[in-house]
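Taken in sequence, the protein lines are chains B and W.
Residue numbers for the first sequence follow the working numbering, beginning at 4 and rising by one.
Residue numbers for the second sequence follow the working numbering, beginning at 3 and rising by one.
Careful: at least some of the hints might be erroneous.
[What the hints assert, rightly or not] The calculated lysine to aspartate or glutamate pairs, modelled on DMTMM-like cross-linking and capped at a C-alpha distance of 25 Å, are: (1) 387(W) x 465(W); (2) 372(B) x 326(B); (3) 481(W) x 355(B); (4) 230(B) x 162(W); (5) 189(W) x 355(B); (6) 169(W) x 85(W); (7) 165(B) x 162(W); (8) 230(W) x 318(B); (9) 304(W) x 317(B); (10) 304(W) x 124(B); (11) 169(W) x 326(B); (12) 304(W) x 194(B); (13) 401(W) x 227(B); (14) 348(B) x 183(W); (15) 200(W) x 105(B); (16) 169(W) x 196(B); (17) 407(W) x 227(B); (18) 241(W) x 162(W); (19) 126(W) x 450(B); (20) 126(W) x 373(B); (21) 56(W) x 227(B); (22) 457(W) x 319(W); (23) 200(W) x 318(B); (24) 165(B) x 300(W); (25) 56(W) x 228(B); (26) 124(W) x 450(B); (27) 124(W) x 194(B); (28) 199(B) x 228(B); (29) 384(W) x 300(W); (30) 165(B) x 124(B); (31) 43(B) x 53(W); (32) 126(W) x 317(B); (33) 372(B) x 377(W); (34) 61(W) x 326(B); (35) 56(W) x 124(B).
FYI, nobody ran anything at the bench for these hints, they're computed from the structure.
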Amino acid sequence: MNALARCAAGLLLSTICLPFAASAADPQPTTEFTLDNGLKVVVREDHRAPVVVSQVWYKVGSSYETPGQTGLSHALEHMMFKGSSKAGPGEASLILRDLGAEENAFTSDDYTAYYQVLARDRLAVAFELEADRMATLRLPPEEFAREIEVIKEERRLRTDDKPNAKAYERFKAIAYPASGYHTPTIGWMADLERMKVEELRHWYESWYVPNNATLVVVGDVKPDEVKALAERFFGPVPRRDVPPSKKPLELAEPGLRQITVHVATQMPSLMYGFNVPSLATATDPQSVNALRLISALLDGGYSARIPTRLERGEELVTGASSDYDAYTRGDSLFTISATPNQQKKKTLADAEAGIWRLLDELKTKPPAKEELERVRAQVIAGLVYERDSITSQASTIGELETVGLSWKLIDQELAALQSVTPEDIQKAARTYFTRERLAVAHVLPEEKAQ
Amino acid sequence: MSQRIESRFARTRACSFALAVTFGLLGAGSAMAETAAETPKAIDKAASTLESLKELDGKAPARRSLNIQSWNTAEGARVLFVEAHELPMFDMRLLFAAGSSQDGANPGIALVTNAMLNEGVKGKNVSAIAEGFEGLGADFANGSYRDMAIASLRSLSAADKREPALKLFAEVVGKPTFPADSLARIKNQLLASFEYQKQNPGKLAGDELFTRLYGDHPYAHPSMGTAKSVAPLTLAQLKAFHAKAYAAGNAVIALVGDLTRAEAEAVASQVSAALPKGPALAQTVAPTEPKPSETHIEFPSKQTHLMLAELGITRGDPDYAALSLGNSILGGGGFGSRLMTEVREKRGLTYGVSSGFTPMQAQGPFMISLQTRAELSENTLKLVKDITRDFLANGPTQKELDDAKRELAGSFPLATASNAAIVGQLGAVGFYNLPLTYLEDFMTQSQSVTVEQIKTVMNKHLDADKLVIVTAGPTVPQKPLPPPTDKPAEQPLGVPEH
Numbered sequence: 004m005n006a007l008a009r010c011a012a013g014l015l016l017s018t019i020c021l022p023f024a025a026s027a028a029d030p031q032p033t034t035e036f037t038l039d040n041g042l043k044v045v046v047r048e049d050h051r052a053p054v055v056v057s058q059v060w061y062k063v064g065s066s067y068e069t070p071g072q073t074g075l076s077h078a079l080e081h082m083m084f085k086g087s088s089k090a091g092p093g094e095a096s097l098i099l100r101d102l103g104a105e106e107n108a109f110t111s112d113d114y115t116a117y118y119q120v121l122a123r124d125r126l127a128v129a130f131e132l133e134a135d136r137m138a139t140l141r142l143p144p145e146e147f148a149r150e151i152e153v154i155k156e157e158r159r160l161r162t163d164d165k166p167n168a169k170a171y172e173r174f175k176a177i178a179y180p181a182s183g184y185h186t187p188t189i190g191w192m193a194d195l196e197r198m199k200v201e202e203l204r205h206w207y208e209s210w211y212v213p214n215n216a217t218l219v220v221v222g223d224v225k226p227d228e229v230k231a232l233a234e235r236f237f238g239p240v241p242r243r244d245v246p247p248s249k250k251p252l253e254l255a256e257p258g259l260r261q262i263t264v265h266v267a268t269q270m271p272s273l274m275y276g277f278n279v280p281s282l283a284t285a286t287d288p289q290s291v292n293a294l295r296l297i298s299a300l301l302d303g304g305y306s307a308r309i310p311t312r313l314e315r316g317e318e319l320v321t322g323a324s325s326d327y328d329a330y331t332r333g334d335s336l337f338t339i340s341a342t343p344n345q346q347k348k349k350t351l352a353d354a355e356a357g358i359w360r361l362l363d364e365l366k367t368k369p370p371a372k373e374e375l376e377r378v379r380a381q382v383i384a385g386l387v388y389e390r391d392s393i394t395s396q397a398s399t400i401g402e403l404e405t406v407g408l409s410w411k412l413i414d415q416e417l418a419a420l421q422s423v424t425p426e427d428i429q430k431a432a433r434t435y436f437t438r439e440r441l442a443v444a445h446v447l448p449e450e451k452a453q
Numbered sequence: 003m004s005q006r007i008e009s010r011f012a013r014t015r016a017c018s019f020a021l022a023v024t025f026g027l028l029g030a031g032s033a034m035a036e037t038a039a040e041t042p043k044a045i046d047k048a049a050s051t052l053e054s055l056k057e058l059d060g061k062a063p064a065r066r067s068l069n070i071q072s073w074n075t076a077e078g079a080r081v082l083f084v085e086a087h088e089l090p091m092f093d094m095r096l097l098f099a100a101g102s103s104q105d106g107a108n109p110g111i112a113l114v115t116n117a118m119l120n121e122g123v124k125g126k127n128v129s130a131i132a133e134g135f136e137g138l139g140a141d142f143a144n145g146s147y148r149d150m151a152i153a154s155l156r157s158l159s160a161a162d163k164r165e166p167a168l169k170l171f172a173e174v175v176g177k178p179t180f181p182a183d184s185l186a187r188i189k190n191q192l193l194a195s196f197e198y199q200k201q202n203p204g205k206l207a208g209d210e211l212f213t214r215l216y217g218d219h220p221y222a223h224p225s226m227g228t229a230k231s232v233a234p235l236t237l238a239q240l241k242a243f244h245a246k247a248y249a250a251g252n253a254v255i256a257l258v259g260d261l262t263r264a265e266a267e268a269v270a271s272q273v274s275a276a277l278p279k280g281p282a283l284a285q286t287v288a289p290t291e292p293k294p295s296e297t298h299i300e301f302p303s304k305q306t307h308l309m310l311a312e313l314g315i316t317r318g319d320p321d322y323a324a325l326s327l328g329n330s331i332l333g334g335g336g337f338g339s340r341l342m343t344e345v346r347e348k349r350g351l352t353y354g355v356s357s358g359f360t361p362m363q364a365q366g367p368f369m370i371s372l373q374t375r376a377e378l379s380e381n382t383l384k385l386v387k388d389i390t391r392d393f394l395a396n397g398p399t400q401k402e403l404d405d406a407k408r409e410l411a412g413s414f415p416l417a418t419a420s421n422a423a424i425v426g427q428l429g430a431v432g433f434y435n436l437p438l439t440y441l442e443d444f445m446t447q448s449q450s451v452t453v454e455q456i457k458t459v460m461n462k463h464l465d466a467d468k469l470v471i472v473t474a475g476p477t478v479p480q481k482p483l484p485p486p487t488d489k490p491a492e493q494p495l496g497v498p499e500h
């Protein structure tokens with residue numbers, strides 16, 4: 004029972020309850036169970052408003068794809084809206100729209116997920132439609148012929164006509180020499196051109212089974228009612244073995260790789276990526292917690308080191324950021340990107356030197372106590388703020404479960420970060436921020452024809 | 003940098019009745035009324051196959067009731083407050099009539115003033131301010147648009163966090179010091195953004211569209227200004243802008259969260275007292291009707307961006323409910339709208355197409371926007387124009403309207419589901435001086451709208467012959483459109499006939 008529920012139990016205790024209710028790390032009531040067919044279900048109660056989000060996460064994404072078949076997971080996601088036994092092409096969207104639901108889907112390296120946000124009394128409709136397309140997707144060839152054109156438009160819009168997105172796609176391809184993470188989620192254009200609906204059918208039959216999925220429900224519901232509905236609609240979907248899937252492991256030290264990409268930009272910029280483990284692949288979880296803390300120290304807010312020093316102090320860059328995703332199924336990447344300050348005549352070399360100064364300092368000098376306190380305060384508050392959105396709560400749960408971790412990690416986040424010592428940070432910086440692990444992209448304006 | 007692709011088309015429908023600063027929707031009619039009529043809506047067919055639909059009672063769903071409390075501070079700021087004790091946090095949003103429509107002769111001054119708020123207060127530079135908020139776990143955010151400039155704070159509600167966060171927030175918004183070195187840096191960063199925009203055909207087309215639509219009206223120029231207009235801005239100009247535009251009388255305070263009424267009053271008083279003293283600024287004048295035009299921007303992209311627009315409505319327009327439903331049918335509701343059905347679903351021409359009214363203080367735009375491969379751009383533009391013309395001529399079907407009403411009622415609970423959503427609603431109600439019952443009124447009005455009414459108001463505000471059109475993309479030989487899916491081979495290539 005959580006603190007709020009305890010409070011509700013007796014009004015007389017309200018003053019005593021206050022400290023509990025105000026406690027940031029109070030877990031919300033969350034229940035998990037698995038249906039007989041292997042579908043894992045996680046239900047988190049949030050009774051603030053009579054709404055609910057339902058998400059189905061499949062363990063398949065672009066990192067599962069092989070050369071020549073890139074973009075299959077994403078294309079299949081599009082085709083999941085093109086009809087199953089109970090609804091014709093596009094009909095499920097219309098049904099949900101007429102009920103006032105928001106629905107969409109997304110695909111990444113590690114997962115493909117579908118969601119509906121709707122008034123709580125309509126949850127059964129979301130389940131019935133989602134279960135139906137899990138089991139009986141039609142994949143009509145004439146629908147595919149049109150939808151692949153939409154996907155190519157999407158690729159032109161998001162990547163080909165976006166110079167920085169195009170450069171990032173090339174960068175990723177060299178940053179992951181061994182693992183499937185080098186594949187762009189939307190797929191290479193050449194593969195979209197030759198994609199066949201039969202390949203999608205095979206992909207669907209291989210991966211879209213209840214035992215390869217997680218159903219996450221967050222909102223104004225009780226676990227018992229969700230369980231009954233899940234058993235009614237998803238329960239009859241048969242279990243089937245899925246192909247063996249292996250974590251995308253990367254070379255520890257692939258060696259320094261560098262590409263220069265000329266794109267339609269006026270602004271030179273650079274991307275750095277260091278090959279590092281994730282929480283799912285690390286033999287030593289403490290190194291991953293240290294990398295997460297480093298990421299917060301570098302770019303966890305406007306008072307972090309990159310904005311304070313590179314953007315405002317030395318004015319080396321007009322913009323820069325760092326990012327580390329610890330929640331990936333395979334080995335991850337610690338990335339830094341920067342746009343040199345042209346008005347101040349700063350070059351890519353100046354920006355790189357500034358980045359290395361920050362990285363080398365992490366190797367030798369422990370962070371100040373106040374800096375660590377700020378990170379802690381942000382994490383504590385962030386755990387509360389995240390609870391304002393049922394969708395972001397569900398997404399965190401779904402992502403953790405799908406990459407092979409447990410949703411329970413949410414409630415251990417603070418403790419994990421607090422356990423990191425200054426020595427852990429220095430050790431991680433020395434281990435991972437080396438040239439042998441580094442991929443670099445220089446993104447430059449196109450050269451005029453001679 | 004991990005990549006996540008929202009595969010379908012992000013829609014703006016959640017805003018359809020909302021007051022958010024963003025888009026309203028425009029309903030569009032579909033390619034052909036007759037097409038719509040001969041294709042029964044999915045929900046009817048599916049009702050016979052889906053058990054769960056049969057079990058629904060057809061009633062509008064329950065929603066979180068909002069008790070909006072409102073008062074004015076001693077200095078004249080309007081406050082709107084909703085008490086929500088479920089989470090130990092609160093959200094505050096200050097909205098000033100201090101957007102780029104107040105720029106006058108200095109395009110960009112509103113945005114730069116807003117960006118300078120957290121660059122310095124007495125005894126603290128920009129880094130110390132950032133450390134102050136972040137050390138408390140508080141989020142400060144700011145932004146500047148055409149009508150409004152915003153400063154907001156999200157904080158834990160415990161007194162040891164709330165009080166110092168509010169003190170710092172009040173100083174930042176009310177008594178910024180405008181350091182010279184910060185101004186130089188922000189100008190540089192803006193110059194970099196202007197350079198960056200040159201590679202974005204959608205942005206170039208959007209800027210051109212506003213110029214064509216608004217002429218010399220204050221909405222015409224981009225909120226960011228231009229390289230030429232931002233460079234000469236002085237500290238004295240920014241300070242003067244702040245003194246008049248960030249005055250308490252020109253502010254609305256929206257507040258949601260774990261506060262009692264007494265605490266909320268104290269919070270609002272504290273912030274209001276820190277602001278410069280002064281009255282509300284004059285309302286933005288009405289724009290004059292633009293001449294219809296078609297402008298092309300040559301750009302070496304793979305796709306051509308298409309934007310079609312007319313002047314739309316003000317936020318207080320009594321036709322808004324009917325227009326919003328009409329728009330939702332034409333192109334506002336994402337999948338199922340006529341534009342999405344005809345352009346994407348039946349022909350695969352685009353990833354996304356949408357239409358929308360953006361009601362603003364003065365008439366905001368009505369806009370349709372999409373992108374398609376360059377060689378199909380001319381015929382796609384013609385198709386979109388035909389769909390719009392047809393919708394204006396014939397209106398929606400009764401079925402389309404019934405479905406749109408049902409959708410609106412069904413989505414109502416989502417509009418007040420989180421503190422973040424509520425603070426957005428309160429801010430817009432306050433800023434546009436709408437009644438506290440606005441959300442309920444909008445719902446009630448919407449449910450009584452008729453097909454005839456939609457047809458009437460759509461034609462009152464829009465005219466297919468008066469579109470202002472901007473395209474951006476490469477000039478390439480044009481190709482005919484593929485045939486629509488539900489009308490195979492016997493149809494000639496090209497757009498449907500009327």
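Status of the hints after comparison with the structure:
no.: 1; hint: 387(W) x 465(W); result: 11 Å, holds
no.: 2; hint: 372(B) x 326(B); result: 22 Å, holds
no.: 3; hint: 481(W) x 355(B); result: 47 Å, violated
no.: 4; hint: 230(B) x 162(W); result: 42 Å, violated
no.: 5; hint: 189(W) x 355(B); result: 23 Å, holds
no.: 6; hint: 169(W) x 85(W); result: 21 Å, holds
no.: 7; hint: 165(B) x 162(W); result: 45 Å, violated
no.: 8; hint: 230(W) x 318(B); result: 22 Å, holds
no.: 9; hint: 304(W) x 317(B); result: 38 Å, violated
no.: 10; hint: 304(W) x 124(B); result: 45 Å, violated
no.: 11; hint: 169(W) x 326(B); result: 32 Å, violated
no.: 12; hint: 304(W) x 194(B); result: 18 Å, holds
no.: 13; hint: 401(W) x 227(B); result: 37 Å, violated
no.: 14; hint: 348(B) x 183(W); result: 17 Å, holds
no.: 15; hint: 200(W) x 105(B); result: 34 Å, violated
no.: 16; hint: 169(W) x 196(B); result: 59 Å, violated
no.: 17; hint: 407(W) x 227(B); result: 32 Å, violated
no.: 18; hint: 241(W) x 162(W); result: 32 Å, violated
no.: 19; hint: 126(W) x 450(B); result: 45 Å, violated
no.: 20; hint: 126(W) x 373(B); result: 16 Å, holds
no.: 21; hint: 56(W) x 227(B); result: 22 Å, holds
no.: 22; hint: 457(W) x 319(W); result: 16 Å, holds
no.: 23; hint: 200(W) x 318(B); result: 23 Å, holds
no.: 24; hint: 165(B) x 300(W); result: 16 Å, holds
no.: 25; hint: 56(W) x 228(B); result: 18 Å, holds
no.: 26; hint: 124(W) x 450(B); result: 48 Å, violated
no.: 27; hint: 124(W) x 194(B); result: 59 Å, violated
no.: 28; hint: 199(B) x 228(B); result: 41 Å, violated
no.: 29; hint: 384(W) x 300(W); result: 19 Å, holds
no.: 30; hint: 165(B) x 124(B); result: 42 Å, violated
no.: 31; hint: 43(B) x 53(W); result: 23 Å, holds
no.: 32; hint: 126(W) x 317(B); result: 19 Å, holds
no.: 33; hint: 372(B) x 377(W); result: 60 Å, violated
no.: 34; hint: 61(W) x 326(B); result: 47 Å, violated
no.: 35; hint: 56(W) x 124(B); result: 13 Å, holds
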